[in-house]
Structures are given as structure tokens and as C-alpha cells.
Amino acid sequence: MTSGVWVWIAGALTLAIYSFLYKDNPFYKVAEYIFVGLSAGYWAVYLFWNFAYPNLFQPLFSEGNYWNIIPLALGFMMFTQLSRRSAWLVRFPLTFVLGVSLGLQLIAAVEGDVVPQLAGTFEPFSRGALFNTYDFWTSIGYIVLLVGVLSTLVYFFFSREHKGVFGGIARTGVFYLMIAFGASFGYTVMARVSLLFGRVHFIFHDWLHIIR
Amino acid sequence: MSVFEKIQNLDRRIIFVTVALAVILPLFFPLKLPVDITAPVQQLYDVIEDLPEGSVVLISIDYDPSGAPELDPATWSVMRHCFSRNHKIFVMGLWATGVPLGMRALETVGAGEYNKEYGIDYVDFGYIPGGAIALVNLGRDVHDVCREDVYGTAVDEIPMMKSIKSADAFGLVLSMSMGVPGSDQWILYYHARYRGNLATAQTAIGAPKYYQYLQTGQLVGLIGGMKGAAEYERLVNKYGLATIGMDSQSIAHLLIIAFIVLGNVIYWMEKRRKN
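As given, the protein sequences belong to chains A and B, one line each in that order.
Heads up, the first sequence is in the working numbering, so the first residue is 4 and it goes up one at a time.
Heads up, the second sequence is in the working numbering, so the first residue is 4 and it goes up one at a time.
For the record, the hints were derived by calculation from the structure and aren't laboratory data.
Ideal Cβ positions, reconstructed from N, Cα and C, are used throughout, including at glycine.
It is possible that part of the hints are untrue.
To be verified - Far from chain B by the CB rule (all over 10 Å, computed), these chain A residues:
(1) Trp11
(2) Leu16
(3) Ile37
(4) Phe54
(5) Ile73
(6) Leu77
(7) Met81
(8) Val93
(9) Phe99
(10) Ser129
(11) Leu133
(12) Asp138
(13) Ser142
(14) Ser197
Unchecked claim - Which bits of chain A does chain B cover? Going by a derived footprint, with three or more residues having C-beta under 8 Å, they are:
(15) 44-50
(16) 112-122
Extracted from the complex, chain A is given alone in its bound form (with noise of 0.2 Å):
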């Protein structure tokens, strides 16, 4: 009876949001309004009580883990920034967070991404193995890669006008854009289209039991 009674107002809610697509109304407003106001509340007490207290309440005044009152300075710290006298102080804890992120994301970027996707676009080319170890079609795979990865480059590259031989690399560059963005887009459609149907499952399964 519970859960009938949260499907119904799931149901009506979907129809509230989707009456946008008509005009903007009142029952949109107020299911926007609930969906700010609940995701707020939801994020706040869920946050506090699976990252801040499990992490940094609890160690210090349970535990007696007293490094945390770090972490805790740190974190009032940005709150500083209310009054223009202490705004200074906010500097210290977005400097430790910049540079924790900085430290964690250089390392990320270039062991990540940057040495593999190298790796991965020039190594067929590496001791024969192209039309060798590779076979024919996957082989001209790797060659229309590459040219896509330099062209492309090139594309970006602007020291120089793009005029000649190098406009004409950069347009082959803009050329492999135009197919990536176009899967984009379709896959964006295929995304948006999938949550239309969600929705559309769910009135007509879930909520009103029209089909199976």
C-alpha cells in the first residue's frame, strides 16, 4: 500500500514535469520546486552522515584520532570567506585542496591517458606489425587513426594560418570533428531517448499496469 501510494505520486510528478513540453504551468513549478528542495535536504543529511561523520566526526571525538582536527580547521576555514575581515583565511584550505588535486590529477593525466593513448596510437606502427601481427582491416583501422589523431592536431594548432598543405591536413582534421561529434549526437539522442522511456515504462507498467 506504501509503495502503491509512491508510485502514484512518482506518476503524477513525471506527468507535472513532462506538462512542461506544453507550457510552463503551475503543476511544473511545483514539482521543480520539490525536486530542488528535496535533492538539497537529501544531499545534506546524506553527506553529512556517510562522509563527514563516519570521516571526521567520529575518528576525533570517538576515536580520539586527533589529526582530524586538521581537516576540521581546514573546513571552517572556508566559511571565512562571510566576513571580509577573515576572508583571507579561505586561501590555506583551497590551497591544500588544489594542491592535492593537482598532485593526484598530473599523475593520473599522463599515467592514464596520456603514455597509453600514445602507446595505443603508435605502437602498431611499431617493428612491422602492421598488416603482420595485425590483420588487414584492423590494419588500416590503425592507419585511419593515426591520421585522425595528427590531423586533428594539426587542426588545433594555431601559430600557423591554416593554408596549403597544412590547411589541407587541418581540414582533413575537421573532417574526423564533424564524425566524432555525429556520434555524439546520436548517442546523446539514444541517451535522451532512453530516459523518455524510462518514464514512459514506468506510468504504463509500474504505475497504471497497462502492459506487462
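Using the hints provided, position chain B relative to the given structure of chain A.
Showing chain B alone in chain A's frame:
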């Protein structure tokens, strides 16, 4: 006003209605259009098939209810495959709002369909806060990051966790992801350090980006959107929401292609007429 001008000034709500009909009607009149298996999905299936019996598969629920129509079918299908091969499943998530989705999938598939036992065959650690930093630590010391499961049981009291200490314990890591934190963090922060088999299931909007990681071997498989999920449903021979949805997908795509062609034809004809 010419026909072309009328179509150019068409009320967009008519387009909304036609798209809605394209999605709704196949639900009532299924076309059962064929779903071909693509290589990235087949690769993931083969990896799970080839894992020794009893391997631990980590499934990270990195999505929320808005990604459920695409990622729930993929999650459920992969779980069915793992349980049918007697693999153990370790569930966690980088999205707080994904926790109920993971629990529902495990209860329905693990306990419901395969009679698997919690703590022995599968375990759920729910939301793991910290994103990238949590993943860096997870590979080094699982017990340090996952101290309590989603029901509040200490990690040392869970039988399945006795043999799971670090990244080496996982035969496959699978991120069901719809954004950040998600597959990016698994690839850049986890896989770059600890290697092993990593795969992903993506909402369609994010899928194109991850093909590059397949080519380099950083990913061993990729389920892209509802289409990928439908493929996996076919592979495990258990048809569900994704397979049902593919009829709607196909009709809606055909309609949108028709709109694009029509729009361009009218644009060019108008341009020609004005010249």
C-alpha cells in the same frame, strides 16, 4: 504561406507528440527488431566467462535513478552472468544516490533468482565517499576504505571479505557509470596504479569517449547505453527492459533521422527559392 514555410514554422509540440508516440506505441505493439552483438559487449562477456569459478567481480554503482533505464538492465544482466558462473560479487558505489539501486539489483538477482547468500556470495558496501582518493586507497587496502557494509556490519565480520584485501583480489572491476565520479576515476586513478581487468557500462551519452580506452586495452569491455544492455540481455538469454526499449529506440531514431533529413531538404529548397 507555402508548404515549406508552414513546415518551417511547425509548432514544436507536434514534434514532441510524434516522438512520444514513437516511444509509446512499440510498448503496446512490440516489433521485436533484431539486436546484434557488438565486439565491446562480447569482449566483456568473454572475460566473465573465462574467469575461474569463484572469482570476485567488483561492480561499482556509479549512477543514480536518472541513469537507471540504461544502466539497471546492464547491471542486472552482468550480475546474472556472474552468479550463473558462481562468481562472487562485491558491490560499492561512488554515487550516494545509487545505493538503493545496487541493493535492489542484488536482492532481486542474487537472493531472488540465484539463491545466493549475502556475505558468502555477494556483499554490498554501498556509497564509498571520496571519489578518486577513495579508489587510490581501495586498491591498496580494501578493508581501510570499506570498513562497514551497507547494513552496518564490520568488514572483518563478513566471511567473503576475508580473502579480499587489495586490488589483486578482484578478477574484474566493472564501473556502471553515468558521470563523475565514475569510469574516468576508475581508469585514471585505479587502473593506472593497480592494472587488472577493468570494464565499464555507460549511459549512451558518455559511451563514445570510452572506445579509446578499449583500443589501448585499458578497458576489457564496454556496454554502451540501452543498446549495449540489450546486447548483454541477449547474451545471458534473459530479456528485460533494455530489449523491450530497443523497439522504441529504433523507431524514435528513425523518426529523428527523418526530421533531420526533412529539415535540411526544406532549408536547401527555401534557400534555392530565395536565390
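**Asked** Ile37 (chain A): least C-beta distance to chain B exceeds 10 Å?
**Response** holds (15 Å)
**Message:** A cut-off of 10 Å on Cβ-Cβ distance, and Ser142 (chain A) was said to be off the interface with chain B. Does that hold?
**Reply:** Non-interface label on Ser142 (chain A) holds, nearest chain B Cβ at 13 Å vs cutoff 10 Å.
**Request:** Please confirm whether Ser197 (chain A) is truly not at the interface, meaning its C-beta sits more than 10 Å away from all C-beta atoms of chain B.
**Result:** violated (5 Å)
**Request:** Evaluate the condition: distance from the CB of Phe54 (chain A) to the nearest CB of chain B exceeds 10 Å.
**Result:** violated (4 Å)
**Prompt:** Looking at Ser129 (chain A) again, its CB stays over 10 Å from all of chain B?
**Reply:** Per Cβ check, Ser129 (chain A) is outside 10 Å of chain B; nearest 14 Å; holds.
**Request:** Find the nearest Cβ of chain B to the Cβ of Leu16 (chain A) and say whether that gap is larger than 10 Å.
**Result:** holds (12 Å)
**Request:** Evaluate the condition: distance from the CB of Ile73 (chain A) to the nearest CB of chain B exceeds 10 Å.
**Result:** holds (16 Å)
**Request:** With a C-beta cutoff of 8 Å, work out whether three or more residues of the region 44-50 of chain A approach chain B closely enough for the coverage to hold.
**Result:** holds (count 4)
**Prompt:** Taking 10 Å as the cut and beta carbons as the points, is Asp138 (chain A) off the interface with chain B?
**Reply:** Given a closest Cβ separation of 14 Å, the condition holds.
**Item:** Trp11 (chain A) and chain B, when compared Cβ to Cβ, separated by more than 10 Å
**Value:** Holds, because the least Cβ-Cβ distance between Trp11 (chain A) and chain B comes to about 17 Å, which exceeds 10 Å.
**Request:** Would you check whether the claim that Phe99 (chain A) is not at the interface survives, using Cβ distances to chain B and the 10 Å cut-off?
**Result:** Answer for Phe99 (chain A): holds, closest chain B Cβ roughly 13 Å.
**Separation of Met81 (chain A) from chain B, once the least beta-carbon distance is taken, above 10 Å** = holds (17 Å)
Hint compliance for this structure: hints 4 and 14 are not met, and every other hint is.
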